[in-house]
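For this one, chain H is given, so just place chain Y on it according to the hints.
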Amino acid sequence: ETGVTQTPRHLVMGMTNKKSLKCEQHLGHNAMYWYKQSAKKPLELMFVYSLEERVENNSVPSRFSPECPNSSHLFLHLHTLQPEDSALYLCASSQDTPGGAEKLFFGSGTQLSVL
Amino acid sequence: GENVEQHPSTLSVQEGDSAVIKCTYSDSASNYFPWYKQELGKRPQLIIDIRSNVGEKKDQRIAVTLNKTAKHFSLHITETQPEDSAVYFCAASKGFGGGATNKLIFGTGTLLAVQP
Numbered sequence: 003e004t005g006v007t008q009t010p011r012h013l014v015m016g017m018t019n020k021k022s023l024k025c026e027q028h029l030g031h032n033a034m035y036w037y038k039q040s041a042k043k044p045l046e047l048m049f050v051y052s053l054e055e056r057v058e059n060n061s062v063p064s065r066f067s068p069e070c071p072n073s074s075h076l077f078l079h080l081h082t083l084q085p086e087d088s089a090l091y092l093c094a095s096s097q098d099t100p101g102g103a104e105k106l107f108f109g110s111g112t113q114l115s116v117l
Numbered sequence: 022g023e024n025v026e027q028h029p030s031t032l033s034v035q036e037g038d039s040a041v042i043k044c045t046y047s048d049s050a051s052n053y054f055p056w057y058k059q060e061l062g063k064r065p066q067l068i069i070d071i072r073s074n075v076g077e078k079k080d081q082r083i084a085v086t087l088n089k090t091a092k093h094f095s096l097h098i099t100e101t102q103p104e105d106s107a108v109y110f111c112a113a114s115k116g117f118g119g120g121a122t123n124k125l126i127f128g129t130g131t132l133l134a135v136q137p
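Residue numbers (the numbering used here), protein chains in the order written: chain H, 3 to 117; chain Y, 22 to 137.
By construction, these hints were calculated from the structure, which means they are not laboratory data.
Among the hints, a few may not be true.
Claimed, not checked - Pairs of lysine to any residue residues, derived as SDA-like cross-links and limited to a Cα-Cα distance of at most 25 Å, are as follows: (1) H:Lys105 x Y:Ser106; (2) H:Lys42 x Y:Thr31; (3) Y:Lys115 x H:Met48; (4) H:Lys42 x H:Gln84; (5) H:Lys43 x Y:Leu61.
Predicted model, so just to flag it, every value in this text is computed and none were measured.
So here's chain H without its partners, still in its complex pose:
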């Protein structure tokens, strides 16, 4: 257990549904991330939050909406998704310092299937 917990582990949804992915980190980190992992593609950075402020939005469609209510929790709200959005969604956290980038701790991911 790395201290980053994601729920649910699996999610099947229709294109008209609205659902949310949840991530919680127990490591006291100051940054949280959403990554998308599709087969035969690199891990794609979606969103970055630092000290609860969004500092990166990597040209992600508006049908994905992140929320970071505090430094320990991160959500990804999903609505009117497309079948090509089916993938493993990974949450991660890190403790970033003025000295630079630090190690990412990943959650186990949510395997999303859009029908």
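Then chain Y, alone, in the frame of chain H:
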């Protein structure tokens, strides 16, 4: 923006042999290069990382080398064991400090299979 290319996409070795995975990056300002291992059905986990002020780093059977001039870095695993079988991802970022965050850009991954 940063682009990271990783080769090979698959690698099969015999137990005890060495394995080498190579990555190139495009942004010369990148200064942090981690390697993550992802076993089947599990989360990616950091196995080793290197910063741009160092040319090589070792940790038991694994080592990473960095060539800043050529903008490439490599993962070396010696005396491979079946439990080394996994997908390995390289990544690069410019951890721009000042409390800013880590924008890691990942390679496409290498599936390493160690045959007993």
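So which of the earlier hints does this model not fit?
As far as the earlier hints go, not one is violated by this structure.
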